[in-house]
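Note that the protein sequences, when read in sequence, are chains A and B. The numbering of the first sequence is our numbering, which starts it at 1 and goes up by one. The numbering of the second sequence is our numbering, which starts it at 1 and goes up by one.
No wet-lab data here; the hints were simulated from the structure. A portion of the hints provided could be inaccurate.
[What the hints assert, rightly or not] Straight-line C-alpha distance at most 20 Å; calculated SDA-like pairs for lysine to any residue: (1) B:Lys5 - A:Ile359; (2) A:Lys342 - B:Asp16; (3) A:Lys342 - B:Leu8; (4) A:Lys274 - A:Arg292; (5) A:Lys376 - B:Leu50; (6) A:Lys342 - B:Lys36; (7) A:Lys241 - B:Lys36; (8) A:Lys241 - B:Thr21; (9) A:Lys371 - B:Lys5; (10) A:Lys342 - A:Leu369; (11) A:Lys376 - B:Pro49; (12) A:Lys245 - B:Ala32; (13) A:Lys234 - B:Thr56; (14) A:Lys245 - B:Leu53; (15) A:Lys212 - A:Arg3; (16) A:Lys212 - A:Asp181; (17) A:Lys371 - B:Leu54; (18) A:Lys376 - B:Leu54; (19) A:Lys342 - B:Leu50; (20) B:Lys5 - A:Asp244; (21) B:Lys43 - B:Glu33; (22) A:Lys130 - A:Gly43; (23) A:Lys376 - B:Gly28; (24) B:Lys36 - B:Thr56; (25) A:Lys194 - A:Lys10; (26) A:Lys376 - B:Pro29; (27) A:Lys245 - B:Pro49; (28) A:Lys376 - B:Ala32; (29) B:Lys5 - A:Lys130; (30) A:Lys274 - B:Thr56; (31) A:Lys245 - B:Glu33; (32) A:Lys241 - B:Gly28.
[As the list claims (entries may be wrong)] Label pairs and their calculated CB-CB ranges: (33) A:Gly42 - B:Ile42: 52 to 60 Å; (34) B:Gly51 - A:Cys271: 51 to 59 Å; (35) A:Lys79 - B:Gln30: 41 to 49 Å; (36) A:Ala53 - B:Ser15: 34 to 42 Å; (37) A:Glu39 - B:Tyr19: 17 to 25 Å; (38) A:Gly329 - B:Ile42: 31 to 39 Å.
The C-beta atom is built at its ideal place from N, Cα and C for all residues, glycine as well.
Residue strings, one per chain:
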Amino acid sequence: MARGVFREYKGKGLEEGLQELWRELLERDVVQAILLPMEVEGGLVAPGLLTDAARIGESRVVSPYMPVNTARVLQMMTKTMPPSEKVAVVLCPCEARALVELVKLKQISQENLIVIAFDCPGTYAVDDYKKLLEGKEDPGELLVEKVNKGGEDAQLREACRTCPYPSAPWADIRIGFLGLDYKKRFLLEALTEKGEELITGLGMEIADVPLKEREALLDKLVAQRKKAQEQLLKEQQEQLKGPDKLLAALSSCIRCHNCMTVCPVCYCKECFFKSPTFEMEADRYLGLAHKRGATRMPSDMLLFHLTRMAHMAHACVQCGMCEEACPMGVPVFRLFKATSAKVQDLFNYEPGKDIEEEIPISAFREEELDKIQEPKI
Amino acid sequence: MGIIKTILDVLGLDSDRVYLTWISASEGPQFAEWAKRIEEDIKKKGKNPLGGLLTT
Numbered sequence: 001m002a003r004g005v006f007r008e009y010k011g012k013g014l015e016e017g018l019q020e021l022w023r024e025l026l027e028r029d030v031v032q033a034i035l036l037p038m039e040v041e042g043g044l045v046a047p048g049l050l051t052d053a054a055r056i057g058e059s060r061v062v063s064p065y066m067p068v069n070t071a072r073v074l075q076m077m078t079k080t081m082p083p084s085e086k087v088a089v090v091l092c093p094c095e096a097r098a099l100v101e102l103v104k105l106k107q108i109s110q111e112n113l114i115v116i117a118f119d120c121p122g123t124y125a126v127d128d129y130k131k132l133l134e135g136k137e138d139p140g141e142l143l144v145e146k147v148n149k150g151g152e153d154a155q156l157r158e159a160c161r162t163c164p165y166p167s168a169p170w171a172d173i174r175i176g177f178l179g180l181d182y183k184k185r186f187l188l189e190a191l192t193e194k195g196e197e198l199i200t201g202l203g204m205e206i207a208d209v210p211l212k213e214r215e216a217l218l219d220k221l222v223a224q225r226k227k228a229q230e231q232l233l234k235e236q237q238e239q240l241k242g243p244d245k246l247l248a249a250l251s252s253c254i255r256c257h258n259c260m261t262v263c264p265v266c267y268c269k270e271c272f273f274k275s276p277t278f279e280m281e282a283d284r285y286l287g288l289a290h291k292r293g294a295t296r297m298p299s300d301m302l303l304f305h306l307t308r309m310a311h312m313a314h315a316c317v318q319c320g321m322c323e324e325a326c327p328m329g330v331p332v333f334r335l336f337k338a339t340s341a342k343v344q345d346l347f348n349y350e351p352g353k354d355i356e357e358e359i360p361i362s363a364f365r366e367e368e369l370d371k372i373q374e375p376k377i
Numbered sequence: 001m002g003i004i005k006t007i008l009d010v011l012g013l014d015s016d017r018v019y020l021t022w023i024s025a026s027e028g029p030q031f032a033e034w035a036k037r038i039e040e041d042i043k044k045k046g047k048n049p050l051g052g053l054l055t056t
């Protein structure tokens, strides 16, 4: 059961059905702008801030490609000053989950934002997506159909193949098209008051809607994804564990910091790696070399990744943008997925699940994890 | 600390080389005791396996 409404549409495809919704939101002045995936020059997709209903046809929400985690865009947009007009932000689940974490960290202001999270069957890496675009059929609609039939696409990004959140755990509104008769209608599900206001603003009435088939399909998909996740964690333990294997995996790292730049939850304005700590004079490098006989230049690959993990593991939403941005093929996602899964287990914390829940590292508990501390002498 | 030790364990780096204990400024003997204990532990463990590697 859910609180919401089905939206019937007569368009040719799901994308057009959704476009009717966006058009109505703008035309009825329910919101004044929509941040959503749009087709850019050459056919790829990127987040676009849309205010003119005449350009709705350029929106591409069903497109299975994700160039950036849009939560990062929202941080950039709202941190200095929230918008003065209402903006609907249309996100896939890992973006909505990153948004939840950034709201908790006071990096995104929810003022005048309405978060709409759509079902995500998965996304492709940029080169794979470009190839799919050359095909006759729309890769987005094909994927939705495949996943709706219980299938899985082995070509999806590893982050998506192992993602147990095809539907976002938190949003103001969820848009559902998995496990539903998606060629005729999709679901608008209100999870918050803001969400309910949006639906009533469209002149639609909210009711209890039964979702048995949808829940069954999502459960099955989540189980499949969790199995793939277990397999990944097992492979990490076999292939990337221990000093030799780990350093072999990190050896191609050039410390370009791309993984850090694209990470939605890596938010510090004053970054440790851009601090004077790393502005070392030549003699400090010589000192390191003398101590060990030789030192790699530039140095601190392991330190860089370990520090990022220590800072981010509890909040990592496992969107895999880090690995997409890596030009050197470092398995950054695998390493982050494996470490963050265990750290999140330790605190029994699921990032992005609940916007009211405290972040484990900023919540004070008098007694916590005592086993980890050394006993008193 | 929980985070750091968990990460090191997953990556297969020796988390027992990292210590956390709280010692007040008035607890000199405890401080000395910990220094001794850590020294003994590390001597037993031997050289840091990451010591000679370049990508660190």
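> Is the hinted pair Lys245 of chain A and Leu53 of chain B satisfied, with a Cα-Cα distance of at most 20 Å?
Replying inline: Holds, at about 12 Å.
> Holds or violated: are the alpha carbons of Lys245 of chain A and Ala32 of chain B at most 20 Å from each other?
Replying inline: violated, 37 Å
> For the pair supplied as a hint, Lys376 of chain A and Pro29 of chain B, is the alpha-carbon distance within the 20 Å limit?
Replying inline: Since the Cα atoms of Lys376 of chain A and Pro29 of chain B sit roughly 12 Å apart, the hinted pair holds (cutoff 20 Å).
>> Between the alpha carbons of Lys376 of chain A and Leu50 of chain B, is the straight-line distance 20 Å or under?
In response: violated, 30 Å
>> Run the distance test for Lys130 of chain A versus Gly43 of chain A: straight-line Cα separation, threshold 20 Å.
In response: Cα-Cα ~8 Å, so holds.
> Lys376 of chain A and Ala32 of chain B: Cα distance at most 20 Å?
Replying inline: holds, 13 Å
> Regarding the pair Lys376 of chain A and Pro49 of chain B, is the alpha-carbon distance no greater than 20 Å?
Replying inline: violated, 29 Å
> Regarding the pair Lys212 of chain A and Arg3 of chain A, is the alpha-carbon distance no greater than 20 Å?
Replying inline: holds, 14 Å
>> Against the range 34 to 42 Å, how does the distance between the Cβ atoms of Ala53 of chain A and Ser15 of chain B compare: consistent or not?
In response: Because 56 Å falls outside the window, the suggested range is violated.
> Is Lys342 of chain A within 20 Å of Lys36 of chain B, Cα to Cα?
Replying inline: Measuring from Cα to Cα gives roughly 32 Å; hence the hint is violated.
> Going straight from one Cα to the other, do Lys371 of chain A and Leu54 of chain B come out at no more than 20 Å?
Replying inline: violated, 33 Å
>> Between the alpha carbons of Lys342 of chain A and Leu8 of chain B, is the straight-line distance 20 Å or under?
In response: Roughly 11 Å separates the two Cα atoms, so the pair holds.
Hints 4, 5, 6, 7, 8, 11, 12, 13, 17, 18, 19, 24, 25, 29, 31, 32, 34, 36 and 37, counting from the list given before, are not met by this structure.
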